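Mind docking chain P on chain V? Use the hints.
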Amino acid sequence: MNATRLDEEFTSSVHIYEPHRNGLPRLRPYFKALWQRKPFATEMSRASIRADNVNTFFGQIWQVLNPLFLACVYFLLVMIIRGRGNSFDANVERFVHLCAGLFVYHIFFAGCVRQGASSVVGGGKLLLNMSFPRLLLPLAEVRTAFVKFLPTLVVFFVILLGFGRPLHWEVIIAPAFFLMLGMFAAGMAMIFATMQVYFRDIGSFLPYMVRIWLYMSPILWYPDDPINTLNDAGIPEWVLHANPLYSMVGGWSELLVQGHIPEASWWIAASSWSVVALVTGALFFMSREREFAVRL
Amino acid sequence: MTDTDTDTTTSDPAVRVENLSVMYRTTFEKVPTFKSALRRVGRGKREVHEVKALTDVSFEVDHGTSIGIIGSNGAGKSSLMRAIAGILPPSEGRIEVHGRVSTLLALGVGFNRKLSGRENVILGGLAAGMTHAELNERYDEIAEFAELGEFIDMPMRTYSSGMYSRLAFSVAVHLNPDILLIDEALSTGDAKFKQKAARKMREVADNAGTMFLVSHSMRSIKRLCSQCLWLHKGQVMMQGEPEEVIAAYSKFLEVGEDAFTLDDM
Numbered sequence: 001m002n003a004t005r006l007d008e009e010f011t012s013s014v015h016i017y018e019p020h021r022n023g024l025p026r027l028r029p030y031f032k033a034l035w036q037r038k039p040f041a042t043e044m045s046r047a048s049i050r051a052d053n054v055n056t057f058f059g060q061i062w063q064v065l066n067p068l069f070l071a072c073v074y075f076l077l078v079m080i081i082r083g084r085g086n087s088f089d090a091n092v093e094r095f096v097h098l099c100a101g102l103f104v105y106h107i108f109f110a111g112c113v114r115q116g117a118s119s120v121v122g123g124g125k126l127l128l129n130m131s132f133p134r135l136l137l138p139l140a141e142v143r144t145a146f147v148k149f150l151p152t153l154v155v156f157f158v159i160l161l162g163f164g165r166p167l168h169w170e171v172i173i174a175p176a177f178f179l180m181l182g183m184f185a186a187g188m189a190m191i192f193a194t195m196q197v198y199f200r201d202i203g204s205f206l207p208y209m210v211r212i213w214l215y216m217s218p219i220l221w222y223p224d225d226p227i228n229t230l231n232d233a234g235i236p237e238w239v240l241h242a243n244p245l246y247s248m249v250g251g252w253s254e255l256l257v258q259g260h261i262p263e264a265s266w267w268i269a270a271s272s273w274s275v276v277a278l279v280t281g282a283l284f285f286m287s288r289e290r291e292f293a294v295r296l
Numbered sequence: 001m002t003d004t005d006t007d008t009t010t011s012d013p014a015v016r017v018e019n020l021s022v023m024y025r026t027t028f029e030k031v032p033t034f035k036s037a038l039r040r041v042g043r044g045k046r047e048v049h050e051v052k053a054l055t056d057v058s059f060e061v062d063h064g065t066s067i068g069i070i071g072s073n074g075a076g077k078s079s080l081m082r083a084i085a086g087i088l089p090p091s092e093g094r095i096e097v098h099g100r101v102s103t104l105l106a107l108g109v110g111f112n113r114k115l116s117g118r119e120n121v122i123l124g125g126l127a128a129g130m131t132h133a134e135l136n137e138r139y140d141e142i143a144e145f146a147e148l149g150e151f152i153d154m155p156m157r158t159y160s161s162g163m164y165s166r167l168a169f170s171v172a173v174h175l176n177p178d179i180l181l182i183d184e185a186l187s188t189g190d191a192k193f194k195q196k197a198a199r200k201m202r203e204v205a206d207n208a209g210t211m212f213l214v215s216h217s218m219r220s221i222k223r224l225c226s227q228c229l230w231l232h233k234g235q236v237m238m239q240g241e242p243e244e245v246i247a248a249y250s251k252f253l254e255v256g257e258d259a260f261t262l263d264d265m
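Residue numbers (my numbering), protein chains in the order written: chain V, 1 to 296; chain P, 1 to 265.
One chain only, chain V, in its complex shape:
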């Protein structure tokens, strides 16, 4: 036999299977195997992107059309609700801010959560037939969402510059907030993927949750908007950080649109939320994943 022993500890050498008591697998070999099978997740996500739009006329162009239509629809909504009376510049700024938040939220974050949630249940036969670190399934969906997000970034910058908005140097810090959002999204994908195995209804409930979360995050409004109201009511400002996306999406947009570096509390909130979500999500998923085969 000349197979190169790729991942000794997971498929080759000695395995011992014993009853797991709420058990986590041994972490080191698990993550080693996870890392070594990264190509599987990559290929899985590539294949699903390819399969996605083969039947539509515009094909992959939808990756760009989707966010554009989305931004227009929500901008219309905001204009109708707030009424006119703003200067053109203010409207442009609002539109650009909306694009920044909406693309990262709707295309990336919501994509991770929604697709990630169905990744295990949809994995069906693959799970019944093969033994591999199941964490690869939601992670593949995170990659898919990221790849779909990339073209919207181009759209965003075209809009930004097209409306004559300045490009701030602070843009280069924005990826830090994106990274934190990505970690948070991965954690959420893992949690919802696990939950959906036990309750299939999560799938129908998620779209509404995603929508409400959108309204509660600083996308249709500016991060500063609620602060006065809060001060008047005597509520401390930090309650805003109860929503993890407040700092993450808010910080992302502040950096891209205003070139304004968020204050320390935002960094602390965003980074702690993202680490907590990722660790909790991964542990929750791993502690349950050996039961998936029985539950599907």
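Honestly, the hints are just simulated from the structure, not real lab data. It is possible that part of the hints are untrue.
As the list claims (entries may be wrong) - Simulated restraints on C-beta separations:
| hint | chain 1 | residue 1 | chain 2 | residue 2 | range |
| --- | --- | --- | --- | --- | --- |
| 1 | P | 235 | V | 26 | 44 to 54 Å |
| 2 | V | 295 | P | 226 | 28 to 38 Å |
| 3 | P | 149 | V | 80 | 37 to 47 Å |
Unchecked claim - EDC-like, lysine to aspartate or glutamate: derived pairs with alpha carbons at most 20 Å apart:
| hint | chain 1 | residue 1 | chain 2 | residue 2 |
| --- | --- | --- | --- | --- |
| 4 | P | 52 | V | 18 |
| 5 | P | 200 | P | 144 |
| 6 | P | 196 | P | 141 |
| 7 | P | 35 | V | 201 |
| 8 | P | 114 | V | 52 |
| 9 | P | 52 | V | 291 |
| 10 | V | 38 | P | 141 |
| 11 | P | 114 | V | 43 |
| 12 | P | 196 | P | 144 |
| 13 | P | 222 | P | 203 |
| 14 | V | 125 | P | 184 |
As the list claims (entries may be wrong) - To be clear about the criterion: a stretch of chain V counts as covered by chain P if any three or more of its residues have a C-beta under 8 Å from a C-beta of chain P, and this derived list gives those stretches:
| hint | segment |
| --- | --- |
| 15 | 34 to 42 |
| 16 | 262 to 273 |
| 17 | 282 to 295 |
Remember, predicted model here, so these are calculated numbers, not experimental data. Built from N, CA and C at the ideal position, the CB exists for glycine as well.
Then chain P, alone, in the frame of chain V:
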């Protein structure tokens, strides 16, 4: 013997199963939903259903052995295979596996029907832990063995069930496993492919590989296996020479148990 596995000392068996019990806890409904869960809570009953797939199974299989597993439907054959593959966690007991495992379990493998055969082969191989380089090297061999012709680049939803199992079988045997687990592989596919598959399995077995073969065809067990394990209702009834075990099994079916004919005999 070409046993190259570094960690494997020769004294270890390929697979050692000790007092293995596998229990499913499932609810009655096929698709669990929130509504039915609420209704259950409302009525104050838990509809958790315990299925004992395997009870206190112990056996050892040495390297280089091909072992046939027989038994009627629901005897726990597939559960045993899944447990050895590490897919089903044991409820009790312990399984030791020495070597790289390749599985061919439920028919058709976990392939995505929207994608082409080629993409599915790559996905399956990567999931099994192969590298892109290894797969490229073996891809032609896999495709050729499966005899799919131009279908290999078509979406798998256009495949017939025979094509499905041919491709699945081809992938499983070409992963160069130390231990090959095959569940009813030969039940679809035409006579010609069955023969070819049987030859290939013999080749794997001759290469000092270890093979588990679940089959209802007593003839293929006799032809391919050097040992045989008979499961009945989750328990081991007998382990030994295929001739003996099959004879006992046939007799058992004649005298006891409900009518059950041996297909393919």
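To see whether the hints hold, each was checked on the structure:
1. Checked against the hint of 44 to 54 Å, the C-beta distance between residue 235 of chain P and residue 26 of chain V comes to roughly 31 Å, which is inconsistent with it.
2. One distance hint, 28 to 38 Å for the beta-carbon pair residue 295 of chain V and residue 226 of chain P, holds here, with the actual separation near 37 Å.
3. For residue 149 of chain P paired with residue 80 of chain V, a C-beta distance near 58 Å fails the hint of 37 to 47 Å.
4. With a C-alpha separation of about 17 Å, the suggested pair residue 52 of chain P and residue 18 of chain V falls inside the 20 Å cut-off, and the hint holds.
5. For the proposed pair residue 200 of chain P and residue 144 of chain P, the alpha carbon gap of about 13 Å is at most 20 Å, so the pair holds.
6. Taking the CA atoms of residue 196 of chain P and residue 141 of chain P, the gap is near 14 Å; set against the 20 Å cutoff, the hint holds.
7. A hinted pair counts as satisfied when its Cα atoms are at most 20 Å apart, and residue 35 of chain P with residue 201 of chain V qualifies at roughly 8 Å.
8. Straight-line distance between C-alpha atoms of residue 114 of chain P and residue 52 of chain V comes to about 9 Å, which keeps the hinted pair within the 20 Å bound.
9. The straight-line distance between the Cα atoms of residue 52 of chain P and residue 291 of chain V is roughly 15 Å, inside the 20 Å bound, and the hint therefore holds.
10. Proposed proximity of residue 38 of chain V and residue 141 of chain P is contradicted: the alpha carbons are some 24 Å apart, above 20 Å.
11. For the proposed pair residue 114 of chain P and residue 43 of chain V, the alpha carbon gap of about 14 Å is at most 20 Å, so the pair holds.
12. As the CA atoms of residue 196 of chain P and residue 144 of chain P are separated by approximately 12 Å, the hinted pair is consistent with the 20 Å bound.
13. For the proposed pair residue 222 of chain P and residue 203 of chain P, the alpha carbon gap of about 16 Å is at most 20 Å, so the pair holds.
14. Of the pairs offered as hints, the one joining residue 125 of chain V and residue 184 of chain P holds, with about 16 Å between alpha carbons and a cut-off of 20 Å not exceeded.
15. Using a Cβ-Cβ cut-off of 8 Å, 4 residues of the segment 34 to 42 of chain V lie near chain P, which meets the minimum of three, so the contact claim holds.
16. Under the rule that three or more residues need a Cβ within less than 8 Å of chain P, the assignment of the segment 262 to 273 of chain V is violated, with 0 such residues.
17. Taking a C-beta to C-beta cut-off of 8 Å, the segment 282 to 295 of chain V contributes 5 residues in contact with chain P, enough for the three needed, and the coverage statement holds.
Comparing the model with each earlier hint shows violations of hints 1, 3, 10 and 16; every other hint is respected.
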